[in-house]
Each structure stands twice: as C-alpha cells, then as structure tokens.
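*Asks:* What follows is the residue order along each chain.
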Amino acid sequence: MPLKINELNKPVHIAPMVVLRIAIGFLLCISTLRFIWLGWVDDHYIEPIFHFKYFGFEWISAAPPTLLYAIHGLMIVAALGVMIGYYYRISIALLLLAFTYTELIDIVYYLNHYYFVSIMLFMLLFAPAHRHFSVDAWRKPEIATTAIPTFWIFIFQFMLAIVYTYAGLAKINYTWLFEALPLKIWLPAADAIPIIGPLFTWKPMPYIFSWVGMVYDCTIVIWLLWSRTRPLAYLLVIIFHVLTGILFQIGVFPLVMIAATLLFFSERWHLRILTLLRRIFKLKIVSIANVGNPFRPIARPALIAAGLFFAFQLIFPWRYLCYPGNVFWTEEGYRFSWRVMLMEKAGTATFYVKDGETGREGVVVNSEFLNPHQEKQMAMQPDLILQFAHFLAEHYQAEGLTNPGVRAEVYVTLNAASSQLLIDPNRDLTQLRDGWQPKDWILPAP
Amino acid sequence: MKSRLPLHFVLAFLGIAVLHSCTENDDAGETGPFDRKAMLANFADELIIPAYADLQGKTEALLVSCEAFQAAPSAESLSIAQVTWVEAYGSWQYANAYNFGPAAESGLQKGLNEEIGTFPVSESKIDIALSTGVYNLNDFNRDARGLLAVEYLLFAPAENETSALAKFNNPVAGQLLVDAANNVHTRVQAVLTEWQAGYRDSFVNNNGTDVGSSTSKFYNEFVRSFEGLKNFKVGLPLGLRPGQTEAAPHLVEAYYSGQSKGMLALHMAAIEDIWFGRNKKGVDGLGFEDYLQTVVGGPALIEATKAQLEVVNNTLSALPTTPSLSQQVATQPELPTAVHTELQRQTRFFKSDMSSLLGLAITFSSGDGD
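Residue numbers (our numbering), protein chains in the order written: chain A, 3 to 448; chain B, 519 to 888.
Same shape as in the complex, but just chain B (with noise of 0.2 angstroms):
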C-alpha cells in the first residue's frame, strides 16, 4: 500500500471540508466568535453588582426604618416599615439569580438564597422565639430569619387584630425584627463586598464553558432561580406537585404582605433581563440573547423563547389585581394555572436547548456524548 495515496484522499476531504464551510450559508446570524469575557462584564457590572448594591442599600433602609419603629412604634412607624420592606423585597427579585461566587455555600454557611429567602417561615419557630426570647440567627432554622421572617413580623396581624402592631407589645418582637433585619443587611453586604473587591475580575476572567467557569455556573443559577419561580412561587401554591390535593395558598410568596402578585412580576422580569443582558435602566447590553445569535440553531431558539415570553408575561397580567394571589390560586386557579402551563412551556428554551446549543457544561461527571 502506497502511503503517498491515502494522504492525497485525507488532503482532499480537508479541502473539500474547508471550501463547503466557507461557502455554506450562514445560518442566520453565525456571526463569528462570541466574547464571553464582555458579557461576563456585563452580567457584571450592569445586572449583579447594582442589583447588589441596590439590596445593600434597600436593606439598610429597612433596617433604619425597623430601628425607629422599634424606638416609637405606632402604626405610622410600622407603616413606613412595611414600606421600606416591600421595596427591599422588591429588590431582592433582581439579586435572587445569582447564588454563586460570594452568594454561594460555604461550609456550614447556605447560599445567599437560604439564608435570607427561605419561605414559607415557620410560624411556630417565630411565635416561639417571640414568647421565650431565645433565638440565634445564625444557626440552622433559616426558615426563621430572612426577608421573609422580617415579613412576618411586619405584616402578619397580632392575634384578634387586624395589623401587627399589638405584637409589638413584647420587646422581644421589636427586637427580633431589627436583629432580623440586621442579620439580612450585614449578609448582603458581605456579598457586596466581595463582589467588589476582586470577585468582579475573577468572574469576568473565568470565560471558558466548562463546569467551573463563569458562564457554567452563572447559567446554573439563572436557570434554577427560574424553575424555583415556576415550582416554589406558582406550582406549589397552587397544589400542582403530584401528591397535592388542593391549593396551599399559605405557600405562595409574600404572603402575610400580599405582595405576592406583583413580587412574581418583579422576579420574572429580573430573569428576562438576564436572558436579554438588560440592565434596570433598560439598556440591553450581551446576554444569552446575544451568545444564542452567535450559535448554530441559535436565532431559532432566541425567536422561539421570544415567543413565549411574551406569553408568559400575557398570562402574568392577566392575574386580576384583587384578590391576592393567595386567594386566587384557592378560588380562582385557572388564571395562575395558565401562569404556570406557559412558565412550564419555557422552560426547555431556558435549560436543555440553550445549555446545548451553547455547549455549556452542566455537571463535573465526565462524559456527555460519550
């Protein structure tokens, strides 16, 4: 066998290879290498570090807001708390996605997401801390701490009454509320921190695809907040999990404010502005949007999660304004079932198909396609 003859075959399917991809059509938007490192930037510097340091400063303000109310209680005082609470929750919704890097699991320590989110919070845990005065917020029972216990403290009516402030009576209330408050502040400046002090660059550096990068982890996250919205804040709720046998309207999100409605909203649209890069001011910047557009398959895909999007934010506004949603999801499901049939429908443009199409690295195990 000649060895010159099979080189010149090999040449020849390299040439052939290399003139078909040159003069193949481009899919509709393959338009060359995508750079990671500006959209790592952009997550960055647009979404993550101002979403963070609006918490920072929205969680500072509840607790100023719980200090006075602590210092003078009256209903104007609480009033005013609840206030500062809302728009700190509302906050929150755009910092939930990012439970990586300096918001993740560290050791005994859960991600930023457990330790200030948790919910439901267990009422019995509170009453308890309440009546015995013991508590420690920095131990296990993060269903009792959080934004969401501050909630609780807030919102949810003394016994016999209408608002919360006959609770406040005990001094143990006021003061769990502000050692709550604060705990939820002092955690989100720690992230803060760190994200400002060198974890930026080490985010924006880590470009690769593989499952320690950047992109691998920041993908994760994103998509997991996005299944706990449609699974924890709209299917539990509305008794959808198998085993369920009617609504558990006690489940949904912000339920002692009855924020719940507009709190999805707000989630939803932080996890839009990630897809599109978008930063709250509006300004689309690279996102996945944008790394789809460089891909095979990828204008497809971005047309098709366009779609239902505007689908899902159809069926978002279409949620009647009263009654609450804890209250619809028990006497009027049919509106926030559609809410999660559509959330649902997403859900594969979000996580398989983009996750392939972008050859990202899911799990460390080796060997996907082998």
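If we strip away everything but chain A, and leave its shape as in the complex, we get (with noise of 0.2 angstroms):
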C-alpha cells in the first residue's frame, strides 16, 4: 500500500479520474432527474408535515416549495458542469451541498449510498478531476495536465475498499449465513422477476446468496486489484450490481457502484473509454501533451486530512460495540456502517398521549402525521420513535391538552420472528432525549 507521501506523489495519468468525475456527474443527473419525474420533491421533501432529523441537523428544514425545486434544478445543472467539467469547483461544490442538504431533510430516507454519494462528492471537490477532458482545461489551458499523484486515485479506492469490505464484514452474522435471512424472504417475493424469477424459490438460493453475497464483498475489492483476476472480476461487479438492481428498489446506486468501481481498471482502460467518448460526442481532440504545466503534488497537509477522513470512516461503523444488545434490534450504531439490505425489519408503532390534566390518554392515528415510508421507518427505530414523540407533545399541547405524555406500544418483527415490544412501553417518551448514550428504554432482542 502506497502510503509514504513519495510514493503517493508518483504521477499517474489523470484518466481514471476524468472518467469517474464524467460518470459521477452524469448519474447524478440522471437520478436527480429521475427523483423529480417520480415526484418524491414533493412526496418526500413538500407534502409531509412533519420531518425526522439527523442527530446534529435538527437545524435543517425543508424550503419552501419553490425553492426546493430550484435546488432540484441547481443540482442538475450543478451535475452537468461537473460532467463537462465547467465551472468545476464551483460546480461540485454547489452539487454536494445540495444533494447533502436534500439529504439532511428527513432521515427516513437515509440510504448508505446516497452516504456513499456524499463522500465521493465530497472527495471529487478536492481532486484535480477537471485538468483533462473538460470545458475548463480546454477554456484554461494553463490548468490542463495529464498527469496527477496516485494519491487522487488511491483515496477513492481506498473509499470503495472501505464499503465493499465493511459490507461484507456485516454479512458475516449467523442470521444471515446460517439462516440465509432476510434473502429467505426477499428471494422468494421476487419469483415474478421474468426469466430469473423462478430461480429464487429454489430452496439452496436464499445460502448461496447469502454466501456468494458475503466473499464478494469481503473479496472483491482483492481480485480488482490483481490485474490478472480483474476482468472477471468487473464481471462479477455487474452481474451483482445488476442483480441487486433487479431485485430490489435501490435507485441509480447499481449505477453508480459499477461507475465507481471502474477505477480500480488501468489508465488504458480509461483513455479508451475517453477516446471512445470523443468519437461519440464528436469532440476536438483536445492536445494530450501537457506542455511546461505543472505536476502538483500533494504536500504534508493533504496526506494528514486524508488520514484523519480515513481513520472516521474505519472507526465509526465500529461504534456499534460500544451499545449493549442487538445493533439489529437497537440500532444504535447501525447507520453509516455500510450495512447494506441486511434485515428485513418492519414494525407497528401506536402512540398514546396522555392529558397531564385530565389523565385521559388518546391513541394516535399516525397517518394523520406521517406518510407510509415515515411511518414504516420510525415504527422500527428507537431514536425516530422519540422524535415522533416528542413532535406529538407538542403538537397536542398546541391543541389544548396539558402538559401530555406519550408512550408507545411498538411491536417489531426482525427476519420473519414473531414480533416483539421494542421499546418500554409504559415509559414516557417526552422526558427522554436522544443522546449518544445507550437507551435504556429499548427492550432485549427476541
């Protein structure tokens, strides 16, 4: 591993980097496209009256509508002067907080890879990913350069390597190799799949899956390095991004991992790609030759913040250890840890709201507040079930009851079991606050 600063200043061709900037920023435009045909800007972000916070951003809120849809509109723009490389400092930066921001609006919709999205934006604003193949380079010829230190390409498959492995890393519970669940679950449900479909009632499926699943992950990232394994390799990364892609509603990510993972090919990969890109698009041939433009190293400072990025991202999945039970059950700790489609949960929640006055408790319709997805998600973690609590306080003493308390019966079933009580039901939620302290008031696991 090159991790002497010498060797991460080698001069590597900038190829690689242009084609993943291309990829990042054209899927980023796809899918923001996509999001609004959908509707979700005004399903997700617009209709709901209430919205979950990240722990930290409760300061964020969703913008009036209008400007929500001119973000949604500035985030397309944004991705396409990242993919033409125009503008593009300005262009990646406005892209990352605005897919961020859109992000850091409700936490229902958290998904590793719009985590993961985030990241590679964030590691894109710092990269020279726009000295070649670009508006800029061809307008700004002084910037122009093929040549970049290995560092640039090294932090973005150490990225990949980082959720790969830990993704595998996650499959490896008994659950999930022993009792091949959730696959048990999810395979079965997806039999009308034309043509693959009938495969997955086969009864081994769910365990090869599951084990298949797990060495890729774990693995992968090592045959894509070899370069004798690596076409194959790139092989198995589609047919599982693809599959994956069929079988469940994940979006452009399929997309975007096979984009990404393209880096781990050689710089003659990528200059066919650029050449082939040029013969589609019928571009000049920009001059390749970087005459007297400056090789810049990266220095001190850069290799200090890469290793401080770096060490979070290796240490915060292990968070989890520090919280007693089940990281499944509890999930305290699970979120950015790259566990990926690992459990099939799904949970029932009613809320009680007791007038501190009258004593008289009332049971809450949550659909009067909530749409299908929130309330799916908060019935089945402990953190989104004290926010709701806390926003039904308020918003039945703004309707009159007097200092009310809520509590929650939830029931949760975790890979098919019977479903159990989560969280105490009896506490009262309105005297809790989430912390990073462990909550007492979840129950054990089943």
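Worth flagging that the hints you see were computed from the coordinates, not collected in a lab. Keep in mind that a hint or two might mislead.
Unchecked claim - Heads up, simulated DMTMM-like pairs for lysine to aspartate or glutamate below, C-alpha to C-alpha not over 25 angstroms straight-line: (1) Lys-12(A) <-> Glu-49(A); (2) Lys-555(B) <-> Glu-677(B); (3) Lys-735(B) <-> Glu-181(A); (4) Lys-799(B) <-> Asp-719(B); (5) Lys-798(B) <-> Asp-719(B); (6) Lys-205(A) <-> Glu-852(B); (7) Lys-824(B) <-> Glu-852(B); (8) Lys-628(B) <-> Glu-370(A); (9) Lys-205(A) <-> Asp-553(B); (10) Lys-205(A) <-> Asp-808(B); (11) Lys-555(B) <-> Glu-605(B); (12) Lys-824(B) <-> Asp-45(A); (13) Lys-6(A) <-> Glu-269(A); (14) Lys-628(B) <-> Glu-269(A); (15) Lys-205(A) <-> Asp-728(B); (16) Lys-555(B) <-> Asp-193(A); (17) Lys-628(B) <-> Asp-45(A); (18) Lys-735(B) <-> Glu-269(A); (19) Lys-735(B) <-> Asp-193(A); (20) Lys-735(B) <-> Glu-359(A); (21) Lys-628(B) <-> Asp-44(A); (22) Lys-735(B) <-> Glu-49(A); (23) Lys-628(B) <-> Asp-728(B).
Stated by the list, open to error - Computed far set for chain A versus chain B, every beta-carbon distance over 10 angstroms: (24) Asn-11; (25) Ile-157; (26) Gln-159; (27) Ile-195; (28) Ile-275; (29) Gly-309; (30) Gln-315; (31) Ile-317; (32) Phe-318; (33) His-392; (34) Leu-394; (35) Leu-403; (36) Asn-428; (37) Pro-440.
To be verified - Coverage of chain A stretches by chain B, computed from C-beta distances (three or more under 8 angstroms per stretch; other residues unrestricted): (38) 182 to 191; (39) 296 to 306; (40) 355 to 363.
Beta carbons: idealized from backbone N, C-alpha and C, even for Gly.
Now that you have both chains on their own, put them together as the hints suggest.
*Replies:* As structure tokens, then:
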C-alpha cells in the first residue's frame, strides 16, 4: 500500500479520475431528473407535515416548495457542470451542498448509497478531476495536465474498499449466513421477475446468495486490484449490481457502483473510454500533451487530512460495539456503517398521548402526520420513535392538552421472527432525549 | 496468491450451503413457492367481482325503491326504501376494501370509498341543498353525497317528527334522494364494468410483490380498510383520539339508521374473509393465510392472527344489541372500547408482520433495509 508521501506523489494518468468525474456527474444528473419525474420532491420534502431529523442536524428544514425545486434544478445544472468540467470547483461544491442538504431534510430516506455519493462528491471537491477532458481545461490550458499524483486515485479506491469490505463484514453473522435471512424472505418474493424469478424459489438459493454476497463483498476489491483477475472481477461487479438492482428498489445505486468500480482499471482502459466518448460526441481532440504545465504534488497537509478522514471512516462503523444489545434490534450505531440490505424489519407503533391534567389517554393515528414510508421507518427505529413522540407532545399541547405525556407500544418483527415489543411501553418518551448514551428504554431483542 | 485456493473455499461454502438448506427441518409449513397468480384470481373471481356485482344489484334495488318512494311517498314505501338501503350498505361492507384499480383515485375523482362512502355527512350541506334545490353530486362535497347521504335523507327524522317522511313534502328531497341513489349506482356500475372488461386479467397477471403489483396494492388497501374500521368506525366515535375529551356518538357509521353495530360486524367479517381468501358462501380459497403458510415465520403468524381474530370477534359479539352503538359509545363505552383495544392488538398481525414476512413493498421510495 503506497502510504509514503513520495509514493503517493508518483504521477499517474489523470484518465481514471476524469472517467469517474464524468460518470458521477452524469449519474447524478439522471438520478435527480428521475427523482423529480417520480414526484418525489413533493412526496418526500413538501407534503409531509413532519420531518425526522439527523442527530446534530435538527436545524435543517425543508425549504419552501419553489426553492426546493430550484435546488433540484441547481443539482441538475451542477451535475452537468461536473460532468463536462465547466466551472468544476463551483459545480462540484454546489452539487455536494445541494445533494447533502436534500438528504439531511428527512432521515427516513437515509440510504447507505446516498451517504456514499456524498462522500464521493466530497472527495471530488478536492480532486483535480477537471484538469483534463473538460471545458475548464479547454478554456484555461494553463491548468490542463494528464499527470496527477497517485494519491487521488488511491483515496477513491480506498473508499470503495472500505464500503465493500465493511458491507461484507456486516454480512458475517449467524442470521445472514446460516439462516439465509433476510434473503429467504426477499428471494421468493421476487419470483415473478421475468426469466430469473423462478430460480429464486429453489430452496438453496438464499443460502447461495447469502454466502456469495458475503464473499463477494469481502474479497472483490482484492480481485479488482490484481490485474489478472480484474476483468472477471468486474464482470462479477456488473452481475452483482444488476441483480441487486433488479431485486431491490435501490434507484441508480447499481450504476454508481458499476461506474465507481471502474477506478480499479488501468489508465489504458480509461483512455479507451475517453477516446470512445470523443468519437461518440465528435469532440475535437483536446491536446493531450501538457507541455510546460506543472505537476501538482500533494503536500503533507493533504495527507494528514486524508489520514483523519479515513481514520474516521474506518473507526466510525465500529461504534455499535459501544452499545449493549443486538445492533439490528436497537439500531444504535447502525447507520453510516455500510450495513447494506442486511435485515428485514418492520414495526407497528401505537402512540398514546395522555393529558397531564385530566389523565385522559388518547390513541394517535400516525397517518394523520406521517406518510407510509415515514411511518414504516419510524416504527422500527427507536431514535425516530422518540422524535415522533416529542412532536406529538408539542402538537397536542398546541391543540389544548396540558403537559402531555407520550408512550408507545411498538411491536417489531426482525427477520421473520414473531413481533415483540421494541421499547418499554410505559415509559414517558417526552422525558427522554436522544444522545450518544445507550438507550435503556429499548427492550432486549427476541 | 494462488487463484485456485479461494475458489475451492467458495465452492466448499456453496456446497455446505446447499446441503444445509436441503437437510434443514422445514419450518413447519414451508411448502414451496406460492402461486400468487392463483391467489389473485381467487380474490378477483370469488371476492372482488362478486362483491361489486352484489353491490351493483343492491344499489340498483335501492335506486328503484327510492324512485318508487318519490313517485308515491308513504310510510310503507319509505320503509321499503330504508330496507333496501340497509341491504345496499351491508353489501358495501364487502366491497370497501378494494379501493384500487377501477376504484382508485383518478384525476379529480377520488376513490370509490370517498365518493360513495364518506361519513359523517354534512347535515348542513344537505339541508342547504334541500332548501335551495341546488346541488352537484360530482363536485368536491363528498360529504354531501353517497350512501350515507341517502341514509340521512331516508332515516333522519323531520323536524319535530320521529319519521323522515315529512321531509319529503319538499319535492327537492325526493329528487335529491333519487339523484343521490343514482349517483351511487352509476359509480358502482362503472367500477364493476371495468373489472369485468379487462381489469380482472391485468390484476391477476401483475403477480409480483413490487410496489405497483396487484398483491402490493391489494394488501395496502386491505390494511387501510382494517385501520379505517378501527380508527374511524370505533376509535373516533369513542373519543379515543388525543384531544377528544369525550365520545362523539354522531361520528359512528350509519348513524341515522342505527345500523352501526351490524355494519361494523359485516365490515370485520369481510376483512376476515379477505385474509382467509374465503368467499361469501364460506368457500375458503387462496388468501393471505395460505400465502403466509409458505414463508418463513408464516405459520406462527397465522396462529397469532387467528387467535387475535377470535378475540376481536368475541368483543364484537359481546356488544349488546340495544342500545345503538352511537349511544353505547357515550353511555356504556367499556365494551366498544374493548373492541377497539383488540382491534389495536390485531393491527401488527395484518400490517407490519404480514408485509414483512411476505416481502411486500409498501411504498415506492427506494431502500427498505438499505
């Protein structure tokens, strides 16, 4: 592993960086267009009367509808700017800010791959991805170059390695490997998919998928790094992501991963891709020779920053070990840890609001306040149950209740087990605050 | 690193996996792939279309009796109209869980449930219509039309009277009655026609579990129907919503006819029939119960569901026949409250447990489990 600054500054061709930039820009453009076209700007951000916040980001709120659409429009423009490398730094910064902002509006839409995209955008913010095959390089030849420090390619590969490996490690648990859950639920449910559907009803299939999935995630980066196995590994990457894309509702994520994993290929491949793009779009051959343009090595501060960043990325997913209990049940430390499609979990949450003065307890109808997706996510995640409880207290206080207390009966089924109470049904949730400390009001896992 | 060794490991793992899956004890009842298409066909042919056909016939009979009453108003013809209303509304209990496809919201038209089944009706809106003679049964005032508006006209006593008959001295009342009944019948007929003219086949053939699939839509409406029963037919009248300080008797379903209890029981029976896959004659075909039989954890859920359904039914039969439900919620709420409590306990079996075990998509948004 090239960790010494001299090795990290070894010049490599910029082509892989450029292909990544073009792919991410393109995919985010498509993804945002799809998002708007599906009506999700309304559905996710405008219509709900209540949003669940990320811890520490409670100050983020949904902008007024016009502004929200403007932000999404901005995302499309910025993504295009990234793709063609036009005012790249501004474009990538705007894209990063806009994308991350929309993600922060409501935590119920948290997806590991949105987190991954934010990370990619963040790293691209600093990367010299625009210095070749871009409008900026064409306008300002003084920045154009074809050689960049290997550091830039390395950090993206390392990030991908973290994502895959942690996803794989997360699959090393008894339920996944020896009970083939949740695939034993999800595969038969997919038996109506054309052609391959019937395969999923074959009894060993969930076991095969579980084991292959785990081994794939844990080792794919190794196969990608080794040039002899790389082509076959990449074929597996495509198959894996296409399959998961067919099986699960995960949007453009498969394409993002297929594109990002290209980064493991040699510059030859990327030069071929760029040549192909030139041909398809009939682009003038931009001068490849970078006569006189300085090679910009990275300095110690960049190395330290990257070190800190990766230290965080490596350590943060392990914080679940600081909490007692089953992380799938309590979800303490579950997010931001690359636990991808790892469990089938659902709950039904009934909230009781008691008037502090009269003692009269009422039963809340969740759908008055939450859309089906919000209700589903809330009902299985204790920190969201708590947020909703606080909202209910405020809401009913405004409606005239005195000093309302809120308790909740929440029954959760995890990987086809009989549903059990998730939290103490008698605890007044308005007296509790979310924080880093373990939640003693979560009941033991079944 | 030799490339052969890891391959051997992988094959070994796979071999173990295959062996393990073949030799493990079947979770009691995992009987192999479930034929969702057959289940959908059973739903369509034995439950849905017969329900709409019956409703079509009963709402037609209602219309006829309303027309007869308008032509010759008398206590007797009113009584006949009232009886046909009860039968039509009872038939509706078996058709109100299918608010998708032909019965779904479309453009400005809301789903069939809202168009013909909204309650409570707005007495003031209907009274204004009666006094001005101005009304539009196709505008946004869904609480001024439908089966419950017909109920209001047929059952709500005239001022200072015990019978509704005197209201019909006003010729507008008779016309509104007929128009409202006709409006209901027309809407029902439209839905039935669409089911019979091709939707049935597309419903049956769309046999995945993704969000646009028939099973997913059917399931979501089934749950909505159940929760509607619990929240609006029992919870709200009992005053169980936070912020309600007392019971709200006028919010029961079928308030004016006093048929609330009977309708509640019919609705619950219809829900149960759907879950079992049972038609109105009692023939038990493929339903969610059978579907659950084939999945991991299914048999346990079936037992839990059946047990709780029995408890729910016991609380329903424990409701005294008199006084009417609207009075019970105010004067003797313990028994209706017990119904609500047990319905609440049933919810997870129908809702999160079932959708989770069956792997049914609830919403379009990506990423459950990601």
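*Asks:* What hint numbers does the structure not satisfy?
*Replies:* Hints 1, 2, 3, 6, 11, 12, 14, 18, 20, 27, 34, 35, 39 not satisfied by this model.
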